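Listed here are the chains, written in short residue letters.
2 protein chains.
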Amino acid sequence: MITREILDSVFRAKSVAVVGASNNPDKTGYQVLSNIIDGGFGGEIYPINPKSEEILGIQCYTELRAVPEDIDLAVIIVPAKFVPDVMRQAAEKHAKGAVIISGGFREIGNVELEQEVMQIANDHNIAVIGPNCQGINYTPNSLCATWPLITGLGSMAIIAQSGTIGATMAGWAKDDRIGFTSVVALGNKSGVGEIELMDYFAEDPDTKVIALNVEGVSDGAKFIETAKRTLSQKPVVVLKPGRTAKGAEAAASHTKSIAGSDKIFDAVCRQIGLIRAEGIVEFYDYAKILGMLKKPAGNRLMIITSSGGSGILAADTADDLGIRIEKPSGDIVDALREVLPNQCVLSNPLDLTGDATAQRYHDALEVAIRAENADAILVIFGDPIENAADMIAQFAGKTDKPILAAFLGGGEVEKLETPKINAYGIPVFPTPERAVRALGALLRKK
Amino acid sequence: MITREILDSVFRAKSVAVVGASNNPDKTGYQVLSNIIDGGFGGEIYPINPKSEEILGIQCYTELRAVPEDIDLAVIIVPAKFVPDVMRQAAEKHAKGAVIISGGFREIGNVELEQEVMQIANDHNIAVIGPNCQGINYTPNSLCATWPLITGLGSMAIIAQSGTIGATMAGWAKDDRIGFTSVVALGNKSGVGEIELMDYFAEDPDTKVIALNVEGVSDGAKFIETAKRTLSQKPVVVLKPGRTAKGAEAAASHTKSIAGSDKIFDAVCRQIGLIRAEGIVEFYDYAKILGMLKKPAGNRLMIITSSGGSGILAADTADDLGIRIEKPSGDIVDALREVLPNQCVLSNPLDLTGDATAQRYHDALEVAIRAENADAILVIFGDPIENAADMIAQFAGKTDKPILAAFLGGGEVEKLETPKINAYGIPVFPTPERAVRALGALLRKK
Numbered sequence: 001m002i003t004r005e006i007l008d009s010v011f012r013a014k015s016v017a018v019v020g021a022s023n024n025p026d027k028t029g030y031q032v033l034s035n036i037i038d039g040g041f042g043g044e045i046y047p048i049n050p051k052s053e054e055i056l057g058i059q060c061y062t063e064l065r066a067v068p069e070d071i072d073l074a075v076i077i078v079p080a081k082f083v084p085d086v087m088r089q090a091a092e093k094h095a096k097g098a099v100i101i102s103g104g105f106r107e108i109g110n111v112e113l114e115q116e117v118m119q120i121a122n123d124h125n126i127a128v129i130g131p132n133c134q135g136i137n138y139t140p141n142s143l144c145a146t147w148p149l150i151t152g153l154g155s156m157a158i159i160a161q162s163g164t165i166g167a168t169m170a171g172w173a174k175d176d177r178i179g180f181t182s183v184v185a186l187g188n189k190s191g192v193g194e195i196e197l198m199d200y201f202a203e204d205p206d207t208k209v210i211a212l213n214v215e216g217v218s219d220g221a222k223f224i225e226t227a228k229r230t231l232s233q234k235p236v237v238v239l240k241p242g243r244t245a246k247g248a249e250a251a252a253s254h255t256k257s258i259a260g261s262d263k264i265f266d267a268v269c270r271q272i273g274l275i276r277a278e279g280i281v282e283f284y285d286y287a288k289i290l291g292m293l294k295k296p297a298g299n300r301l302m303i304i305t306s307s308g309g310s311g312i313l314a315a316d317t318a319d320d321l322g323i324r325i326e327k328p329s330g331d332i333v334d335a336l337r338e339v340l341p342n343q344c345v346l347s348n349p350l351d352l353t354g355d356a357t358a359q360r361y362h363d364a365l366e367v368a369i370r371a372e373n374a375d376a377i378l379v380i381f382g383d384p385i386e387n388a389a390d391m392i393a394q395f396a397g398k399t400d401k402p403i404l405a406a407f408l409g410g411g412e413v414e415k416l417e418t419p420k421i422n423a424y425g426i427p428v429f430p431t432p433e434r435a436v437r438a439l440g441a442l443l444r445k446k
Numbered sequence: 001m002i003t004r005e006i007l008d009s010v011f012r013a014k015s016v017a018v019v020g021a022s023n024n025p026d027k028t029g030y031q032v033l034s035n036i037i038d039g040g041f042g043g044e045i046y047p048i049n050p051k052s053e054e055i056l057g058i059q060c061y062t063e064l065r066a067v068p069e070d071i072d073l074a075v076i077i078v079p080a081k082f083v084p085d086v087m088r089q090a091a092e093k094h095a096k097g098a099v100i101i102s103g104g105f106r107e108i109g110n111v112e113l114e115q116e117v118m119q120i121a122n123d124h125n126i127a128v129i130g131p132n133c134q135g136i137n138y139t140p141n142s143l144c145a146t147w148p149l150i151t152g153l154g155s156m157a158i159i160a161q162s163g164t165i166g167a168t169m170a171g172w173a174k175d176d177r178i179g180f181t182s183v184v185a186l187g188n189k190s191g192v193g194e195i196e197l198m199d200y201f202a203e204d205p206d207t208k209v210i211a212l213n214v215e216g217v218s219d220g221a222k223f224i225e226t227a228k229r230t231l232s233q234k235p236v237v238v239l240k241p242g243r244t245a246k247g248a249e250a251a252a253s254h255t256k257s258i259a260g261s262d263k264i265f266d267a268v269c270r271q272i273g274l275i276r277a278e279g280i281v282e283f284y285d286y287a288k289i290l291g292m293l294k295k296p297a298g299n300r301l302m303i304i305t306s307s308g309g310s311g312i313l314a315a316d317t318a319d320d321l322g323i324r325i326e327k328p329s330g331d332i333v334d335a336l337r338e339v340l341p342n343q344c345v346l347s348n349p350l351d352l353t354g355d356a357t358a359q360r361y362h363d364a365l366e367v368a369i370r371a372e373n374a375d376a377i378l379v380i381f382g383d384p385i386e387n388a389a390d391m392i393a394q395f396a397g398k399t400d401k402p403i404l405a406a407f408l409g410g411g412e413v414e415k416l417e418t419p420k421i422n423a424y425g426i427p428v429f430p431t432p433e434r435a436v437r438a439l440g441a442l443l444r445k446k
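Protein chains in written order, with this note's numbering: chain A, 1 to 446; chain B, 1 to 446.
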């Protein structure tokens, strides 16, 4: 029985053995060890390799059982055939968990070898992540037992059957300065799977949103029950590739997942409130906005832009999704006329035109947040608007209406301001379409 | 009559007057002047402002007619009511072109003022870009008469009704190290419009692909005729927002464009071979791939990946678009087995698994390019694959099959390798879905 306490010992491990650590920078055993070190892990680190006395400046042990203390977590990167023995040694060292990065199990037909490993794990109540997975990254413990090295504390828990999808999400979250609590790569998910992890992160106080990438669901009833319980706590975004015949075929070769009927999965998502993402970009954008904003009171959007063309793109996407764009009332138009120059288009989109400054946005927002026929506000910065972040941040506390942003065509100023806007808690997207689609996901929140 | 020679004098201007240049960094008149200077323009620059003797270290003239020499191009950033007088002075100075950035004309109801300006332009055969536009950027002449400052010689000509959409495209092209020949912001397009510019860039030897953003088309028959002529020379990608009712309404307020029936526009695109983009990301991706790769002989795609999950996303997108994913023949599988380790999945997607190196990709590509049932090859780097760029570049000349790439989940290595891959002439995209959708556009090439 994998309890919350055991998973705590995995994620908040105080000691980690890297079995199959290597001195060769081309090897996964080198990269994982160096990422644990460079990621700033503060606990004990034990590299294990029979051929080395020291790796990356840390004393190396010939085998796991030679480590003088018990360990919390074993990260295993040795060839598959050696894994059962490593697991037995992990049990001797009272390990609570094993992250088995090694491939070569069920996914290439070695079912019995995988069963042998899991038997040992079950006998000793060791939580297994994997096998055939890309490891784990848990930022509250600065434990980057995966690759590449990505850091950045945040509130998004990423559960990813595909290590690459997990790493991509984490990398974007880091660049966006929103960070993440964790990336857990499921791989063959023979031990800990999406069920245990949804339950775990549902209760995790640091986690505000769960991003779940699965290729298949082994126990449908249990999945639905767990998802419902989780959704009563926080939103869950799902990316389940293998939608198409060819995709399902590829999923079957990847982790021997049975994709099942995509239509049924989709219907279940809609029914219980799982927010399904169409692709990896939407997976990220939806998780991002759901972790940052509360659901608007209605579906009426006010668009404020310095770029007429961007406003049209936003309006098109809104119309596609049934998000309403209502013209501002006479009062609001009058108030806008008082503060804005002549060339501005006092409609919705509200076009501040290309010479807009942060001050003009400020003046427009002061009025726009009072519009009664707008439930959410999208601010599009379509030019190099200096101090956009400091300006928009003032409004986050001034209104109950969710404010989101898009920033494009802003050159170096955009690169500077964009992560700052995110860091202030206002989600900003690189295109108007992505911003509006993210709002669409927010409106689907339970 | 705006001839090719006149447009040459605009883009390849040897002297530029900036009328309304300013010493105040918040003003457009400052930004445009400083971008012309910092962009490396090699010709004469004449700032015009009655209140300054010098701006940004350059002698300033009180009015355009005070400039001692004739000028090729006037960039105009004064309030709308002064523009007719500036145009008369430009005529005195035998200007070939005027880029009118100033707004305040037809778009806010000042139709007569715009007519007055155009009358002067027509009387003196001055090519007008705008009014109410974001200027021009022409890299072969290092002439960045717009904002923000974006440089980078390439082969994509961007014709954009929206300055922000143009600047966004140019910024992405710069970051991607593929560059662009030009961005021309159309604005109200009272003088030079998409017709003249398509004709111009159709014949421009530096331009390999035209990216055209329009909100409306004033003369449908002429548009079709010009587009057909252009398409016989090179591919044209079109972004026409205002697809929906709300989008069309926003377009009408923006530039008073009449969007027309979107269905008819769409049908025309399909019929004559204009490749229509769904949004701004596709606009960029399609123009990028069409400027870099030739059309594959057929629609069968081989996917090589280190990430099973990414391979599934690619297969899903391919299936959506009718791109075929055929399993490799026995010969190819045998040859792959000889060079690849045991855990690789010898199918399509060909999964090299997460510990893949550039060498393993190299070995796989040597075999895969011989596969007779693949017309194009998508290489997905789903991990921090060092030297990915130098590896893949070796294959560009080795096969007639177009090779494209996706790079994701690769952390700092990805950031280093991605622009290098593009610079080698192999288009690389940040997600598998974007790569496959771009291939879909390439397959629609005439």
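These are calculated hints, taken from the structure and not from any lab test. Some hints here could point you the wrong way.
In this list, chains with the same sequence are indistinguishable; a pair is considered to hold if it fits within one copy or across any two.
[What the hints assert, rightly or not] Pairs of lysine-lysine residues, derived as DSS-like cross-links and limited to a Cα-Cα distance of at most 27 angstroms, are as follows:
#1 Lys174 with Lys420
#2 Lys415 with Lys174
#3 Lys327 with Lys398
#4 Lys445 with Lys51
Remember, predicted model here, so these are calculated numbers, not experimental data.
State the violated hints by number, sorted upward, taking the hints as numbered earlier in the document.
-> 4
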